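From first to last, the protein sequence lines are chains C and S. Reading the first sequence from the start, the letters are residues 5 to 181 in this note's numbering. Reading the second sequence from the start, the letters are residues 397 to 525 in this note's numbering.
Restricting the straight-line Cα-Cα distance to at most 20 Å, the calculated cross-link-like pairs of lysine to aspartate or glutamate (EDC-like) are:
| hint | chain 1 | residue 1 | chain 2 | residue 2 |
| --- | --- | --- | --- | --- |
| 1 | C | Lys-87 | S | Glu-492 |
| 2 | C | Lys-87 | S | Asp-494 |
| 3 | C | Lys-85 | S | Glu-497 |
| 4 | C | Lys-40 | S | Asp-494 |
| 5 | C | Lys-93 | C | Glu-124 |
| 6 | C | Lys-85 | S | Glu-492 |
| 7 | C | Lys-51 | S | Glu-497 |
| 8 | C | Lys-51 | S | Asp-429 |
| 9 | C | Lys-87 | S | Glu-497 |
| 10 | C | Lys-51 | S | Glu-492 |
| 11 | C | Lys-93 | S | Glu-497 |
| 12 | C | Lys-40 | S | Glu-492 |
It is worth saying that the hints were derived from the structure and are not from the lab. From a predicted model like this one, the values you see are computed outputs, not experimental measurements.
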Amino acid sequence: MKTTTQFTLAGLILLLSAFTLTNSINWEISQGHSIKFSGTDAEGIFKTMTGDITFDESNIDSSQFSFTIDVNSINTGNGMKNKHAVSSKWFDASNHPSIQFESNKFSKTDKEYLVTGLLEIHGIEKEITIPFSFINNSFVAKFSINRLDYKVGNTKGMNNKVSNEIKLDVTIPVISK
Amino acid sequence: MNKTLLHGIVAGLLTALASISYLMLYESILYVDFSQILNVGSVGGASIISGLLIAAGYLILEKMNKEKWKGGLNVLIILLSFLSILGPISISLPLEIDFPELFPGLAIPMHFFPALIFFGLQPFFLKKT
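Given the sequences, and given the hints that come with them, work out the whole structure.
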C-alpha cells in the first residue's frame, strides 16, 4: 500500500512538473513593447505588434517566434512624414499592411541568443539572423537592416537623404502564459 | 508709459488670450493632448514676448527717427510670421504623442496671431503728430 502511494505521488509530481515546463516556454507579449527604428532623417516607432512566442532557455531548439507588425501604426512624430511613410513611395501599406517575422532556427553564443528566420517587409522576404537577449522576462534585440534590400524607398532625389542602413531597437516584455 | 510699449503689452496680452483660448478649444474638440509641447504657460509667455518684440522694433525706429520705415518693418513681421510656420510643419514630436498630424493645425494659426493683433490694435495707439 505504501509503495503504491509513493508511486502515485511520484507520478503526480512528474505530471505537474511537465505542465510547469510547458507553461514556462509559452509567452504572451505584454504592454510596453517598443519597436524603434533610426537612421539618418528617419526615426520613429511602430506602435502595434502581435505575435506568438515559444521560448525555453534550457531547450532553445524548441523555440519559435512569430511576429506581425502593423505598418499603419508607424509614428515618426510628424504627421506628414507618417503619411509619406505608408504611401506607395515607401512601405506601401495599402498593399503590404504588415511586417512579418517567422523564426526557423535558434542558437546560443556566450553572450546572447541568435534567431534566424524570414523577415518580410514591403512584400519582400529575406532570411535574417537577429541577435537577442532575454533578461527579466524581456526580449531585447538591436540590429540593422538595409531598407533597399526590401525596396523600401529608393535613392532617388530627396529619398537619398534617408540612410540605407536602418537601426532597429526592439524590446518585447513578456509574461508567461 | 510710452504708447508703443503699451501697444506691445496690450497686443501681447490679447495674443496670449486668443492663443490659449484656441489651444483649449482645439484640444477639447479634437481630443488631442499636445501639452508636452504647447501648454498654457509656454503659449502665454511666447505670445507676450512676441508682442513686446514687435513693439521693440517700432521703438528702435522711433529712436532712430526712421518712422517711414515702419511699413518695411510691417512687411518684415509678416514675412517672419510666414517663415515661422516651417517650424510646426517640420518638427518631429516626441514619439509617445498621438495624432502628430493634428499639430500643425494647432500651431500654425498661432504664429499669425501676434502680427494680426498688433496691426489690428494700431488705430488705438496712433500718436498725435
